[in-house]
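Visitor: First to last, the sequence lines map onto chains W and F. Mapping the first sequence onto the numbering used here, position 11 (from 1) lands on 11, and the numbers just tick up by one. In the numbering used here, each number is its position in the second sequence, counted from 1, plus 1000.
These are calculated hints, taken from the structure and not from any lab test. Worth double-checking, as some hints may not be accurate.
Mimicking BS3-like on lysine-lysine, the simulated pairs with C-alpha atoms at most 27 Å apart in a straight line are [to be verified]:
| id | chain 1 | residue 1 | chain 2 | residue 2 |
| --- | --- | --- | --- | --- |
| 1 | F | Lys1011 | F | Lys1070 |
| 2 | F | Lys1057 | W | Lys3 |
| 3 | W | Lys73 | F | Lys1057 |
| 4 | W | Lys70 | W | Lys3 |
| 5 | F | Lys1070 | F | Lys1057 |
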Amino acid sequence: AQKITQTQPGMFVQEKEAVTLDCTYDTSDPSYGLFWYKQPSSGEMIFLIYQGSYDQQNATEGRYSLNFQKARKSANLVISASQLGDSAMYFCAIGAHTGNQFYFGTGTSLTVIP
Amino acid sequence: DAGITQSPRYKITETGRQVTLMCHQTWSHSYMFWYRQDLGHGLRLIYYSAAADITDKGEVPDGYVVSRSKTENFPLTLESATRSQTSVYFCASSEQAGGVANEKLFFGSGTQLSVL
Chain W
1 AQKITQTQPG MFVQEKEAVT LDCTYDTSDP SYGLFWYKQP SSGEMIFLIY
51 QGSYDQQNAT EGRYSLNFQK ARKSANLVIS ASQLGDSAMY FCAIGAHTGN
101 QFYFGTGTSL TVIP
Chain F
1001 DAGITQSPRY KITETGRQVT LMCHQTWSHS YMFWYRQDLG HGLRLIYYSA
1051 AADITDKGEV PDGYVVSRSK TENFPLTLES ATRSQTSVYF CASSEQAGGV
1101 ANEKLFFGSG TQLSVL
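Produce the complete structure using the sequences and hints provided.
Guide: Here it is, written out as structure tokens:
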């Protein structure tokens, strides 16, 4: 079975600063994908970024980048130049090839301070 | 625009009643999932389906039943609702026929269920 751990229940960041949200995972599957989703107060789940287990380079999508350290089994999300609209819950997730299940962490609540 | 829709958006029921949450997607995605979201637990997988007539249990399947007679529909039934099933329920789909390791999930808007 796969497991995702997000150890930061809540984070604060100053507007325009960068912030790192931590995510560690545990899987025995050699092929997997790591995902980050954003959930604003309105409740919808918004896909942010994806990293495949065999990808050599860290994924980037605009202001989002994924700091993938395979040996440490970590997939931290970095948000650069934080904006007030980044205030939301952020979920890390893993999709494994074996079993085709998709698991989420408990989430990190990010608050951007003006 | 095609998408994934859940109904109802809000539901209040009483303990012991049967309730069905509906999920419909128009993309013909192979995979569909049901999650429940609770404070402190994140999203937990209830059931998932790889294709029509193929379903399997997730982390927290007890008290829930699913079916998938058609690719586009994946209803979730609480056979005898309990207060502990008060939660927000999300349906999701993925188009990856070969597995979910490298394909994102698309989510519905969620159903907020209260069991009194």
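Visitor: Taking the earlier hints as the rules, which of them does this structure contradict?
Guide: none
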